[in-house]
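Student: In case you want the letters, here they are:
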Amino acid sequence: MNANEFDVIIIGGGITGAGTQRDCAMRGLRTLLVERSDIATGATGRNHGLLHSGARYAVNDPESARECIEENMILRRIAAHCIDETDGLFITLPEDDLAYQARFVEACKRAGIAAEVIDPSEARRLEPSVNPELIGAVKVPDGSVDPFRLCAANMLDAKLHGGQVRLYTEVTGFIREGNTLKGIHTRHLQSGEEADFYAPVIVNACGIWGHHIAEMAGIKIGMYPAKGALLIFAHRVNNVVINRCRKPSNADILVPGDTVCVIGTTSTHIPFEECDNVAVTPDEVNLLITEGVKLAPSLSSTRILRAYAGVRPLVSADDDPTGRNISRGIVCLDHEVRDGLKGFVTITGGKLMTYRLMAEMATDLVCKKLGVDKACETAATPLPGSEESSYEAVAKKIWEAPSTAQKAMASRLGTRASRIRNNTPYDDALICECEEVSVGEINAAIEQMDVSTLTDLRRRTRIGMGTCQGEFCACRAASLLAKAHGCVEKERADLANFLNERWKGNYPISWGDTLREAEYTQWVYKHVLGL
Amino acid sequence: MKFDTVIIGGGLAGLVAGISLQRKGQSTAIVSTGQNALHFFSGSFESMQEAPPEMLSVFGDAGIRLHYQEGVRLMPLGSFRPSCLSLEDISLFSSPQFARKVLVVNFMGYHDFFSSFLAEGLEKQGMQCRIRLLNLPELEKLEQSPSEMRSVQIARTMDRIWEKVVQEVRVLLKDEDTVVLPQVFGLQDTSVPGRIKQGIPAQVVFCGTQPPSVPGIRTQMLLKRRYEVLGGTYLMGDEAVEAHVHEARVHSIRTRNLDSHYLEAGHFILATGGLFSKGLRSNPFSIFEPVFGLDVDYNPDRNAWYDKNFAADQPYMAYGVKTDATLHALSGGIPFENLFAIGSVLGQTHPELGQAGGLAVRSALEVVDQIMK
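So the protein lines, in turn, are chains C and F. The first sequence maps to residues 36 to 566 in the working numbering. The second sequence maps to residues 3 to 375 in the working numbering.
Hints may be right or wrong, so weigh each one.
Here are the in silico distance ranges between beta carbons for each label pair [what the hints assert, rightly or not]:
hint	chain 1	residue 1	chain 2	residue 2	range
1	C	GLU228	F	GLN190	52 to 62 Å
2	C	ARG271	F	GLY201	46 to 56 Å
3	C	HIS270	F	GLU140	33 to 43 Å
4	F	PHE287	C	ALA528	30 to 40 Å
5	F	GLN37	C	ARG271	25 to 35 Å
6	C	PRO167	F	PRO54	56 to 66 Å
7	C	PRO129	F	ARG258	33 to 43 Å
8	F	GLY335	C	HIS247	50 to 60 Å
9	F	ALA314	C	PRO129	44 to 54 Å
Lysine to any residue pairs mimicking SDA-like chemistry, simulated, CA-CA at most 20 Å apart [what the hints assert, rightly or not]:
hint	chain 1	residue 1	chain 2	residue 2
10	C	LYS518	F	ASN137
11	C	LYS518	F	ARG132
12	C	LYS442	F	GLN146
13	C	LYS561	F	GLY73
14	F	LYS310	C	TYR343
15	F	LYS310	C	THR316
16	F	LYS280	C	TYR343
17	C	LYS539	F	ALA313
18	F	LYS310	C	ASN541
19	C	LYS442	F	SER149
20	F	LYS310	C	GLY540
21	C	LYS525	F	LYS126
22	F	LYS199	F	ASP179
23	C	LYS255	C	GLY364
24	F	LYS310	C	ASP548
25	F	LYS310	C	ASP318
26	C	LYS539	F	SER85
27	C	LYS518	F	LEU136
28	C	LYS518	F	MET110
29	C	LYS518	F	GLN130
30	F	LYS375	F	PHE5
31	C	LYS518	F	LYS126
32	C	LYS561	F	PRO98
33	C	LYS561	F	SER85
34	C	LYS561	F	PRO286
35	C	LYS518	F	ILE133
36	F	LYS280	C	ASN541
37	C	LYS561	F	HIS41
38	C	LYS518	F	GLU122
39	C	LYS561	F	ASN311
40	C	LYS561	F	GLU48
FYI, nobody ran anything at the bench for these hints, they're computed from the structure. Each residue gets a CB set at the ideal place from its N, CA and C atoms; glycine is no exception.
Generate coordinates for the entire structure from the input sequences, incorporating the hints supplied.
Tutor: Pasting the structure below:
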């Protein structure tokens, strides 16, 4: 085989593509993943980070609910370092119909979700931030998951199994012979370099952008871009996921994650042209705050850190204007059967929660086409970093008396934390003080995890995600990147882009402490540091 | 407690006003939360060139020497900005080509001085650059703690060991005509930057670091010391929480610490700073001034507060309290007889007074004139 020939090419570096590459690679296939941007830049990194129990879908979409709870239990085993086992509450407020609760619990039980009705006073004890006026509560096994970490771990494992990853590589066209796809034309968006790659099967795992990729192959998939807006609050107000016990609606889930919590979401149909640059509107911000405060009243006095939005890759059957009634189920298309085009598979729909199952379905289809008979092992094999069940256990194995910074690193890297160089105190110096990210961890990410920009570095280490939003760490990290890449001039532009990207999530909520922090950052970078 | 003038805010504007009024025989008090924009002062008074005589006296008596030369100054990320009136240890050059060969010196493990960005910026101007790191055992204690290698902590150590830095730099120096060092010298002892310049046989340029700004903190300390020597009452760690107003006059203010011991005065000066310093506050619906509820010049549409481009001039930075032409603050459109606003709380409502450090000094001296009339 030539270096540009593979068994399977996966297009898309979100969680579905990364999971599919891992599964294919673990079954012994030679894999290539191409992504036109960085990992987890689409819907993968733009959601709640909710480890669904499936309860939310139990009443209206029992199939999704069952998939969720099964994957929920699997991810706890294989992705321990990406998951926070918080549990969740479905609360009924005075304005809601308490009769819905019984239907909800019944549906959960049918789907295999452990849903336990608890007394409102017990709910208040479990989660002191919950709206004290609640009249009903159900406890379910929700949790939270770090999608960046999950995506990076899948991709890393694919690489450990021989997979190749090419980021910032755009597919510019398909190589086609008759009714068979043979490969892809690509262009590297930074270097401009063009290259062709060949494989007997190509998997389209591009989320909402899969619509265009399919079009490029002459195929129409009726996709339905549904934007969801979310807000991040600067404190972890709640330790238990809080949901509304009613028909799924806007802004009715509050998820704790790391040091913050996230309220969302909305659902608005948007045109395809807007998918690359979704902005949160003032109306969405107002709605998220108004509804969020009903879940946890203390949100009204909590600083909002960022506003962001993602686009769900729903596949539509009708013209429902909200997109909420379209199934969030998995869509795995064999285009040979559906459209008479050989060597092409689309995996879409679904959600972060079911990425592994989606990957398994896509990989089963790929293997069938290639005549490979090997069973899926991803449900039982831990991801790299998840070999221990808790980060405390990891930290204790590496350090005699771990500091908070070392514990933070263990929580991000899992067992891989032991490989971070800390030979000298210089490697322990903190670059990002909000998230406690050290020089050693940043250099390791730059060396091993395909980092081109500060934003890439943020997705892999959390720098700039804390309360200062990059104010202090951005230029420190920029110096390290400039050194690693040997180019200061490029890094100067990267630093400006990074700050602009952070600002994009700040300006829709620019009042109070967010505006204070912004004034400081903008003044310092412009007038004091001279960017 | 009764004073001739009570100043709310102990940053650059408040201190300049306080010192100047004390010099002119007034009894004054400054209410200061302890934090102010001097902590990220670049060392240059934006939009000022030559210093007015009163400013020279205020700063000179405090032991702060200033200079101005038309040209440019070097910024920490390697760019150049037009000169303004600056502290003596900020180098001003007639052109960006200020050297032939430059040695940029940093400390091992110090990430808040951007030597690679500096070198690239200087090379762009045609200067040759070499970066060298000093490994000083005296900094080891700081290195042990991952968040201690910051400007002020380093400056405290440097006050003790600056002579050693001079020796090490002399060893490193080859044929370079200029040495660039981080601005972490002379936190307590103001003579240190000058003595370093004498000790190194090349042009020495001190270039800024990530805040907190060592020259800024030094300036704050010296001005405060001078203010207190002149008999001023500096209420550190306190905050005005309520104003007692009768018709168009402020009678007294209540502070958090002094509570019912109201501060009474003939004149009041509001020098509480902008949004960052909390002189102005904001919520989703408005931008307001929290002590007196003064009129604020701003756009009521919150979506007009910002520009989507991070680097653009941001509209919100121009917002400030409204005053008449002589800086009497307005409430309900009516000027207070004895309340003035100075410094960043004015935003850009008086563009003729400049911005930042320039605005602080000019508006402070203008109000002192008003009060002394």
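Student: If a hint holds in the structure, say so; if it doesn't, say that too.
Tutor: Cross-check of the supplied hints:
1. GLU228/C <-> GLN190/F: 52 to 62 Å: Distance hint for GLU228/C, GLN190/F holds at roughly 56 Å.
2. ARG271/C <-> GLY201/F: 46 to 56 Å: The hinted range 46 to 56 Å holds for ARG271/C and GLY201/F, with Cβ atoms some 52 Å apart.
3. HIS270/C <-> GLU140/F: 33 to 43 Å: Holds, since HIS270/C and GLU140/F (Cβ atoms, about 39 Å apart) stay within the stated range.
4. PHE287/F <-> ALA528/C: 30 to 40 Å: With Cβ atoms ~37 Å apart, the hint holds.
5. GLN37/F <-> ARG271/C: 25 to 35 Å: 26 Å, holds
6. PRO167/C <-> PRO54/F: 56 to 66 Å: 60 Å, holds
7. PRO129/C <-> ARG258/F: 33 to 43 Å: 39 Å, holds
8. GLY335/F <-> HIS247/C: 50 to 60 Å: About 57 Å separates the Cβ atoms of GLY335/F and HIS247/C, which means 50 to 60 Å holds.
9. ALA314/F <-> PRO129/C: 44 to 54 Å: 46 Å, holds
10. LYS518/C <-> ASN137/F: 19 Å, holds
11. LYS518/C <-> ARG132/F: 14 Å, holds
12. LYS442/C <-> GLN146/F: Satisfied, since the Cα-Cα distance of roughly 17 Å is no more than 20 Å.
13. LYS561/C <-> GLY73/F: Distance ~19 Å between LYS561/C and GLY73/F Cα, so the pair holds.
14. LYS310/F <-> TYR343/C: Measuring from Cα to Cα gives roughly 14 Å; hence the hint holds.
15. LYS310/F <-> THR316/C: 13 Å, holds
16. LYS280/F <-> TYR343/C: 27 Å, violated
17. LYS539/C <-> ALA313/F: 12 Å, holds
18. LYS310/F <-> ASN541/C: It holds: about 10 Å lies between the C-alpha atoms, which stays within 20 Å.
19. LYS442/C <-> SER149/F: Holds, because 16 Å separates the two Cα atoms, which is no more than 20 Å.
20. LYS310/F <-> GLY540/C: Holds, at about 10 Å.
21. LYS525/C <-> LYS126/F: 13 Å, holds
22. LYS199/F <-> ASP179/F: 13 Å, holds
23. LYS255/C <-> GLY364/C: 19 Å, holds
24. LYS310/F <-> ASP548/C: Holds - the C-alpha atoms of ASP548/C and LYS310/F are around 18 Å apart, at most 20 Å.
25. LYS310/F <-> ASP318/C: 17 Å, holds
26. LYS539/C <-> SER85/F: Distance ~32 Å between LYS539/C and SER85/F Cα, so the pair is violated.
27. LYS518/C <-> LEU136/F: 18 Å, holds
28. LYS518/C <-> MET110/F: 14 Å, holds
29. LYS518/C <-> GLN130/F: Holds. LYS518/C to GLN130/F sits at ~18 Å (cutoff 20 Å).
30. LYS375/F <-> PHE5/F: Holds, at roughly 17 Å.
31. LYS518/C <-> LYS126/F: 17 Å, holds
32. LYS561/C <-> PRO98/F: 18 Å, holds
33. LYS561/C <-> SER85/F: Within the cut-off at roughly 15 Å; holds.
34. LYS561/C <-> PRO286/F: Distance ~26 Å between LYS561/C and PRO286/F Cα, so the pair is violated.
35. LYS518/C <-> ILE133/F: 12 Å, holds
36. LYS280/F <-> ASN541/C: Judged against 20 Å, a Cα distance of about 19 Å means the pair holds.
37. LYS561/C <-> HIS41/F: Roughly 16 Å separates the two Cα atoms, so the pair holds.
38. LYS518/C <-> GLU122/F: Answer holds: LYS518/C to GLU122/F is near 12 Å, not above 20 Å.
39. LYS561/C <-> ASN311/F: Measuring from Cα to Cα gives roughly 13 Å; hence the hint holds.
40. LYS561/C <-> GLU48/F: 12 Å, holds
In this structure, the hints that do not hold are numbers 16, 26 and 34, in rising order.
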